[in-house]
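Undergrad: Chain residues, written in single-letter form:
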Amino acid sequence: MATRAGHDGSRAKLEIRQLSKTFLTRAGFGRERRVTALDGVSLSIRPGEFVTVIGPSGCGKSTLLMLVAGLEHTSGGEIVLDGHAVSGPGMDRGVVFQDFALFPWLTVAGNIRFGLKMKGADRYRQREVVERLLNLVGLSGFEDVYPHRLSGGMKQRVAIARALAYEPEVLLMDEPFGSLDAQTRGTLQRQLEQIWTATRKTVLFVTHSVREAVYLSDRVVVLSARPGRVLEEVGMDLPRPRDVFSAEFSRYERRLAERLSQGDEGPAASAVVFTD
Amino acid sequence: MPPLIRETATPAVPTVLTGRAKSVWLFKAALRQFVVNALPILAVLAAWELIARSGLIHAALFPSLETIFGTMVSLTQQGILLRDVLGSLFRLLVSVVLGIALGTTIGLFMGTSRLAERALSPLLSFGLAVPGIALIPLAILWFGLTEQTIIAILALEVTLVVMLNTWGAVKAVEQRFINAARTMGADGLQLFVRVLLPGSLPGVITGYRLGFSRAWRILVAGEMLAGVANGLGYRIYEARQLLASDIVYAGIIVIGVFGLILERVFLRSLEAMTVERWGLVRSLE
Numbered sequence: 001m002a003t004r005a006g007h008d009g010s011r012a013k014l015e016i017r018q019l020s021k022t023f024l025t026r027a028g029f030g031r032e033r034r035v036t037a038l039d040g041v042s043l044s045i046r047p048g049e050f051v052t053v054i055g056p057s058g059c060g061k062s063t064l065l066m067l068v069a070g071l072e073h074t075s076g077g078e079i080v081l082d083g084h085a086v087s088g089p090g091m092d093r094g095v096v097f098q099d100f101a102l103f104p105w106l107t108v109a110g111n112i113r114f115g116l117k118m119k120g121a122d123r124y125r126q127r128e129v130v131e132r133l134l135n136l137v138g139l140s141g142f143e144d145v146y147p148h149r150l151s152g153g154m155k156q157r158v159a160i161a162r163a164l165a166y167e168p169e170v171l172l173m174d175e176p177f178g179s180l181d182a183q184t185r186g187t188l189q190r191q192l193e194q195i196w197t198a199t200r201k202t203v204l205f206v207t208h209s210v211r212e213a214v215y216l217s218d219r220v221v222v223l224s225a226r227p228g229r230v231l232e233e234v235g236m237d238l239p240r241p242r243d244v245f246s247a248e249f250s251r252y253e254r255r256l257a258e259r260l261s262q263g264d265e266g267p268a269a270s271a272v273v274f275t276d
Numbered sequence: 001m002p003p004l005i006r007e008t009a010t011p012a013v014p015t016v017l018t019g020r021a022k023s024v025w026l027f028k029a030a031l032r033q034f035v036v037n038a039l040p041i042l043a044v045l046a047a048w049e050l051i052a053r054s055g056l057i058h059a060a061l062f063p064s065l066e067t068i069f070g071t072m073v074s075l076t077q078q079g080i081l082l083r084d085v086l087g088s089l090f091r092l093l094v095s096v097v098l099g100i101a102l103g104t105t106i107g108l109f110m111g112t113s114r115l116a117e118r119a120l121s122p123l124l125s126f127g128l129a130v131p132g133i134a135l136i137p138l139a140i141l142w143f144g145l146t147e148q149t150i151i152a153i154l155a156l157e158v159t160l161v162v163m164l165n166t167w168g169a170v171k172a173v174e175q176r177f178i179n180a181a182r183t184m185g186a187d188g189l190q191l192f193v194r195v196l197l198p199g200s201l202p203g204v205i206t207g208y209r210l211g212f213s214r215a216w217r218i219l220v221a222g223e224m225l226a227g228v229a230n231g232l233g234y235r236i237y238e239a240r241q242l243l244a245s246d247i248v249y250a251g252i253i254v255i256g257v258f259g260l261i262l263e264r265v266f267l268r269s270l271e272a273m274t275v276e277r278w279g280l281v282r283s284l285e
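Residue numbers (this note's numbering), protein chains in the order written: chain B, 1 to 276; chain S, 1 to 285.
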């Protein structure tokens with residue numbers, strides 16, 4: 001019933017220690033504005049665990065993901081994946097973006113092949129992986145279609161297949177269903193859970209939807225408003241697949257929603273400092 | 001399942017039609033397309049003929065279509081037209097190829113290297129501020145009344161326009177594509193070849209189009225001023241001195257028609273094969 005796999009003291013897959021991020025932006029007249037997005041965030045993710053980060057908008061949850069992806073530089077703290085410090089983007093992490101970011105000049109198969117090509121996989125292997133993943137995300141037969149012909153939900157399924165294709169150690173998902181309509185979103189959540197159950201990838205997921213977090217995660221991390229700090233970590237002790245109408249589900253939802261609204265009144269104002 | 005294929009400008013053949021009925025449907029569709037394309041041109045021609053025949057404007061200034069096309073036929077028979085067309089096309093081709101090669105290379109360099117961008121952008125702005133035609137006297141001093149004069153001016157113009165557009169196009173490649181590629185291990189040359197190059201193609205093609213049309217315009221002016229003994233620009237300039245308005249008009253029509261054909265055949269098909277197929281631009285008719 002419980003999905004606290006690997007809690008028996010086994011080594012963390014992904015370890016985030018005292019992570020901070022401060023952005024320096026120009027505010028005109030030669031002044032610089034210093035915005036602290038994350039302030040000492042620590043988080044440990046076990047192998048095969050599905051961890052979701054939620055928080056009020058602007059709390060730095062997407063920044064956290066981009067830091068782990070290596071697309072932004074950290075201002076303090078460190079990120080350790082499989083015992084190695086992360087210092088830039090790498091193929092040990094697969095990223096699914098909110099706006100899909102599929103390459104419009106490549107077909108569905110071309111997009112999924114991208115990472116494999118970078119890894120130097122041979123053609124036979126590429127074809128085999130494309131076939132298997134399209135099957136996994138339910139898009140067999142769409143190999144030669146260009147992304148602009150796909151609906152939003154289909155695009156995101158291709159993006160998930162693309163990130164899984166080169167077998168990263170960790171899957172990072174940045175509000176992947178945020179731009180989809182409610183119905184498509186529900187379908188994709190169910191599909192993602194099936195995919196996760198089949199692959200048992202370690203997932204770090206970011207969303208602003210409490211329901212999505214409770215539905216998908218083993219553990220939910222609540223961040224405060226800017227600067228983002230960890231307010232609480234809640235383990236979801238619910239059997240899968242989860243029934244969103246069950247009483248336990250609602251209890252978790254309420255608990256997280258309450259915590260989230262407390263976090264909203266965080267020390268946001270003091271985080272903005274003007275310097276000359 | 002959501003609709004997979006978006007509605008396109010050309011309606012698909014109804015699936016109920018087969019065999020002969022399908023051929024008839026296709027023929028009718030093609031006919032409709034042709035009429036839509038040809039109608040405005042026919043209207044202009046009809047209005048022209050009406051004015052020419054009405055005698056309102058002197059025939060030397062406003063010759064009838066019959067005279068103009070008659071002149072075209074006789075120029076063709078004498079081999080003059082062919083020589084002019086070939087002369088102009090040769091100059092155009094050499095300079096456009098040179099300009100595209102140079103402009104694309106430098107533009108890509110500027111788009112990917114901060115240093116190149118800083119070093120070259122003032123020069124580019126300066127070059128773009130000087131009209132190509134203004135350089136013709138200078139080029140004549142350098143190269144004399146020769147082919148090189150025209151080709152140098154044209155190639156420079158194409159280079160500058162292509163440079164500007166290519167540079168801008170590389171800078172306009174969306175960060176999300178670059179980020180996605182970087183997370184999948186693309187860096188340096190791979191990032192350039194697999195993302196920046198295809199991602200900038202729409203803007204690069206626009207640059208080719210602009211460069212080409214600029215070159216075509218300056219070519220005609222250059223042939224007038226540089227006094228080479230053939231070319232469409234030379235022909236209409238010379239005809240003006242001889243008060244042969246029919247040759248001037250014939251020359252203008254040939255220039256327009258060739259410009260249209262070159263644009264449609266080369267640049268349009270390049271677009272159709274790439275950016276249209278990828279859905280980056282809506283299809284043009």
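Just so you know, not all the hints are guaranteed correct.
[Unchecked claim] Below, computed lysine to aspartate or glutamate pairings styled on EDC-like, alpha-carbon distance capped at 16 Å:
{"hint": "1", "chain 1": "B", "residue 1": "Lys-117", "chain 2": "B", "residue 2": "Glu-78"}
{"hint": "2", "chain 1": "B", "residue 1": "Lys-201", "chain 2": "B", "residue 2": "Glu-167"}
{"hint": "3", "chain 1": "B", "residue 1": "Lys-119", "chain 2": "S", "residue 2": "Asp-187"}
{"hint": "4", "chain 1": "B", "residue 1": "Lys-117", "chain 2": "S", "residue 2": "Asp-187"}
{"hint": "5", "chain 1": "B", "residue 1": "Lys-201", "chain 2": "B", "residue 2": "Glu-169"}
{"hint": "6", "chain 1": "B", "residue 1": "Lys-117", "chain 2": "B", "residue 2": "Asp-99"}
[Stated by the list, open to error] To give an idea of the interface, some chain S residues facing chain B are shown, with a C-beta separation under 10 Å as derived from the structure:
{"hint": "7", "residue": "Pro-131"}
{"hint": "8", "residue": "Ala-134"}
{"hint": "9", "residue": "Pro-137"}
{"hint": "10", "residue": "Glu-147"}
{"hint": "11", "residue": "Gln-190"}
{"hint": "12", "residue": "Leu-201"}
Since the hints were made in silico from the structure, they are not lab data.
Backbone N, C-alpha and C define an ideal beta-carbon position, used for all residues, glycine too.
Undergrad: Broken hints, numbered, in rising order?
TA: 1, 6, 7, 8, 9, 10
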